[in-house]
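Use the sequences and the hints to build the structure in full.
Protein sequences appear in the order of chains A, B and C.
Position one of the first sequence corresponds to residue -16 (my numbering), numbered consecutively onward.
Position one of the second sequence corresponds to residue -14 (my numbering), numbered consecutively onward.
Position one of the third sequence corresponds to residue 20 (my numbering), numbered consecutively onward.
FYI, nobody ran anything at the bench for these hints, they're computed from the structure.
C-beta: ideal position from N, C-alpha, C; glycine also.
There's no promise every hint is true.
Heads up, incomplete: computed chain A residues facing chain B, CB under 7 Å, no partners named [said to hold, decoys possible]:
1) GLY38
2) THR39
3) THR147
4) ALA149
5) LEU151
6) GLU158
7) LEU166
8) GLY167
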Amino acid sequence: MNEIVLLLAAAIASGTPLVLAGLGLLVNEKAGVVNLGAEGMMLIAAVAGFATAFGTGSEMLALGAGALAGATAAAVFGLLVIGLNANQYAAGLALSLFGGGFSAFVGIGYVGRKLGDPAASLTGSIGHWLADLPVIGPLLFGQHPIVWLSLALTAAVAWLLYRTRAGLVLRAIGESPESAHALGYPVRLIRFAAVVTGGALCGVAGACLSVVYAPMWVEGLVAGRGWIALALTTFATWRPGRVLLGAWLFGGVTLLQFHLQAQGVAIASQLLAMLPYLATIVVLALISRNPAWIRANMPASLGRPFHAD
Amino acid sequence: MSEPTAARPGSPTPRLQLEGITRHYPGVKANDGIDLHVAAGEIHAVLGENGAGKSTLMKIIHGSVRPDAGTVRWDGEPVQLASPAMAQALGISMVYQHFSLFETLSVAENVWLGLPRGETLASVARRIEAMGASYDLAVDPGSPVHALSVGERQRVEIIRALLGAPRLLILDEPTSVLAPQAIDGLFATLRRLAAEGCSILYVSHKLDEIRALCDRCTVLRAGRVTGEVVPARETPASLSQLMIGTEPPPLTRTNVAPGQVALSVHALSMQGETVHGTPLEQVSLQVRTGEILGIAGVSGNGQQALLAALSGERTVDRTGDRAAIRLFDHPVGRLGPRERRRLGLHFVPEERLGRGAVPALGLDRNTLLTRDEGVGRGGCLRPDAMRALAQRLIERFGVRAEGPASAARSLSGGNLQKFIVGREIDAAPRVLVVAQPTWGVDVGAAALIRAELLALRERGAALLVVSEDLDELLTLCDRLQVIARGRLSPSLPIADASPARIGEWMSGLWPQAVMADAAAGAVPAAR
Amino acid sequence: MMRVTLLPRFEPRGRPSAAMSIASPLIALLLTALLAAALFVALGKDPWRGLSVFFIEPLSGWRPASEVLLKATPLALCALGLSLCYRSNIWNVGAEGQFLLGAIAAGGMALWIGGPQGALGSLAAGDGMFAALAGRPLQLPLVLLAGVAGGAAWAAITALLRDRCNANEILVSLMLVYVAQQLLGYLVFGPWKDPAGFNFPQTPTFAASTWLPPLMAGTRLHWGFVLALLAVPLFWFVLFRSWRGFQLDVSGQAPAAARYAGFSARRALWTALLISGGMAGLAGAMEVAGPLRQLTPHVSTGYGFTAIIVVFVGRLHPVGILLAAILLSMMLIGGEYAQSRLGLPGALTGVFQGSMLFMLLACDTLIHSRVRWRHARPVSS
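As structure tokens, then:
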């Protein structure tokens, strides 16, 4: 029993970067923009976050630096895709390839370094006694505050998209940028804002990986989580609440491999390491089989550039 | 007949005044020194054929396109219309020809998005109902737009425009999506608005509508103003003269006795083209050699699904009857476009760029979409053969293009349509299905295309023409059927097809008794 | 009233500029070189020396040049295949995985039919009948064919899931890269590990009969380069002179037109993915049968990803792709030189490659629009 609770708590912790990145990409895609550069943005942010944490010892600053790095990278992507009408897929791939090289280049000095005492970080700020409660203690109160942030963000994104006029405008642009333009909405500006916001969230996710979850830096630390987060928006059929559940599910699958290894299961570690990727493929195939699910919520202009006359 | 363009002494300041508006596009001068005055409470027509520059001018007035030169005055003051938002702030609203509604959002949400901030969704919904009641524009604020008919969507657009309390309302070809009897309702609403002081710019190429509705009329031809007139004092001929210069010669048609049944559809049902598209229900029709069958109807009533089913772009699925569609003696329900073409059925789609032709490819390569002349043995392409074919089509159908290698998108709409229609006619089809043969095409090209279709009929081919332009169907066809909500009416000989009767049928109200005749495959009355 | 605009205005051209389409990669290259120079200065290095390491030294002399061509070979092969996909608007981004599966399949075949050299192990199973069947001259073709089949099979998974389940091919093909990497790791750490290899994660060296012979004595450049050269006109023919290639092109540019013409979208999907998977697999096979002669976890240095850049820089045109492959290969070699001669991290290559693709996409705007630096004339009043 206790072990299951701990496992669930660990799944939530491991899924949290995916929640953050998935929400960011959801905001992008609701405005009609696909950013295949998620992996690259997360890598750049992971290095920026780690370097900041290493230099200042502050997790808050590190997450902020990650957000800034992610937003900057996304802004470059946005300039290409929205300002210059470049192909979204090509520009996203460019960002992912660039992010891989850039993070490896910048991060070379941080490989193998350790961050300061985690006790000095945010983890201690919430009362430890709450964490001792049975079941919900480890599930909720034993978690790093970033988990709380991810929950709050999920609710905020859901509220914004479906309960506010700003969210309606965003969804309207995602469905038909031409119509939104005709109604007088600054389509390019709003799309750009959505892209930068999405980048910032991917950035927090990247920094969360290198500063809170790992915590360390190695080349390619993100290990495909950016791509999994992209797949998450499809799994979730573009609903914020389902992004959260999907992310935790994948957090659990990622964790399962370590757990099985620790249990001494006689399966080669490399085969277990395939699990999250295989699971992504399988779930993607299952969800995509039903066109009604996909089309009901998919922004109609997804991936299509918008040309103001 | 046109007056000097300066503001007339003694008359009140016009609400909208354009002077010398000019706008270039690469290779075209869409607007060339256009002057236009609209007084308060006036219904002012902008008349011109396709490509005359009406749409560009309206986009300039609505702020989505900026002129290269010229002045816009609003209540006498010069203004810069840099964006639709600025135009809206002045009180300029537009109802689009192709709607700018969001399919997945509700009516109220759509209207809300078009209004300035500061109002709740609930209060917008109440105002929609109130507006609907007072102007006879009833529509449910809560229903999603994709569930509405085309006419209802137009109502939503008009309500959205009216709730912004506009001082100038622009309507771009508003009747192209309406059944004839719905047009009277629209006109009543517009007259009432004008009486309340709202100026209306009514863009159209339909002479009788303009004569019935509008106070004054500015006529455009090839981007220039050719006259400003009071339409009630003009004849259709004099307006037409201003609009197109010289009238093309009238079509001549000879009587051809219809022969054997070439294309027949029996009780075909099929899902809609898209998630929100109209499905086909128990559709039956027959076309004989040497005749043209017209399919009339308001757009969005299942035309897309019917055309895709006839062309083979969509096939009857495994549960359906493959003999539901027959081409002469062959059941073709499960054959694709290429197989059907081999059996003699060719198709001209409505969308020219992206469906009928690949925009970036040359005309020579575009012949390969439906013609095999350019394919040699072993699947090698024969550039010379493609070029020769394209050159032949250019010459035979008077396509104005630089040469066979010109990219499809470099041609004007009319010339590309001549090329595509020509490509299919030149293949000597036994059956030709044509969607919107002259949609968005200038008068000269339209006359040529119609003449070619009639000539093909005289050579003994069977033709099926789907069009939203009733006048066109009445001049071309031997028989008509009407499509409404995915169902097809019985066949009506053209002599019995009055616009009033067709209009009634367009809303799905046709007598059931005749229906049984059509299902039994009754031979149409000889003309 | 003048408005202040921060950005230059882009005005659409009447027709795309053919000259700009060729000039764009060159401008992008120039901008990347400028960026590189700035970066060298920032790192306290002589910018001329730095640029020369990347863009001149790899071509100075026959030996370094042969290395450039050696690395250009897999890049060109992968990119040629990918160009077919991208022209059909099928976004296969998993060439890296298809490359690895080609390497694995070819390596497996080589170990099986060639028999192990040196220490025998559990791998000796193929030493019997099949090896005898596959006479020595046939061994190399079998190894290469296995590579093609491996790559194509890996791509077929993507095609199948897209065809049957409508699963996004970008995500599926990319996830399969990670799976392929783990699979390779599993094999060389596990069942295929050389028993006499001091526990290093590597297979035994393949039998010499399965090697791809060098093109020229004293270099590692092998006959695969000639094959890549031959593939260029072949792909040119397929893309621009064949009925099948035309169908792929139309399904990519205008899917509705392809449907109207009756070209099968499914066939386009399968054709493009199988060919590009096969090409990547062939590249992987030649890498292990050529310079490596054994499987290690580091069979690929990201060839499949770099090939994506090659496709775009090469304008999706076979000749352009060959030139771009050589250019990107120079940057790979330059990265190695920068490490050994200037003491800079090898990851610099990745930075330059990524930047180059960014610059290229930005420059491509000029193909469809021209820049107006002055603000458009305001509406005179």
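Verification of the hints:
A distance limit of 7 Å between C-beta atoms decides the matter here; for A:GLY38 the minimum to chain B is near 44 Å, and the interface restraint is violated. Annotation: A:THR39 was flagged as interfacial toward chain B, and the flag is violated, the nearest CB pair being 41 Å apart, outside 7 Å. Checking A:THR147 against chain B by beta carbon gives a least distance of about 10 Å; that is not within 7 Å, so the hint is violated. This hint is violated: A:ALA149 has a C-beta 10 Å from the nearest C-beta of chain B, more than the 7 Å allowed.
About 6 Å separates the beta-carbon of A:LEU151 from the nearest beta-carbon of chain B, less than 7 Å, and the hint is met. At its closest, the beta carbon of A:GLU158 sits 5 Å from a beta carbon of chain B; the interface hint therefore holds under the 7 Å criterion. The closest approach between the C-beta of A:LEU166 and any C-beta of chain B is roughly 5 Å, which is under the 7 Å cut-off, so the hint is satisfied. Restraint check, A:GLY167 versus chain B: the minimum CB separation of about 3 Å is within 7 Å; hint holds.
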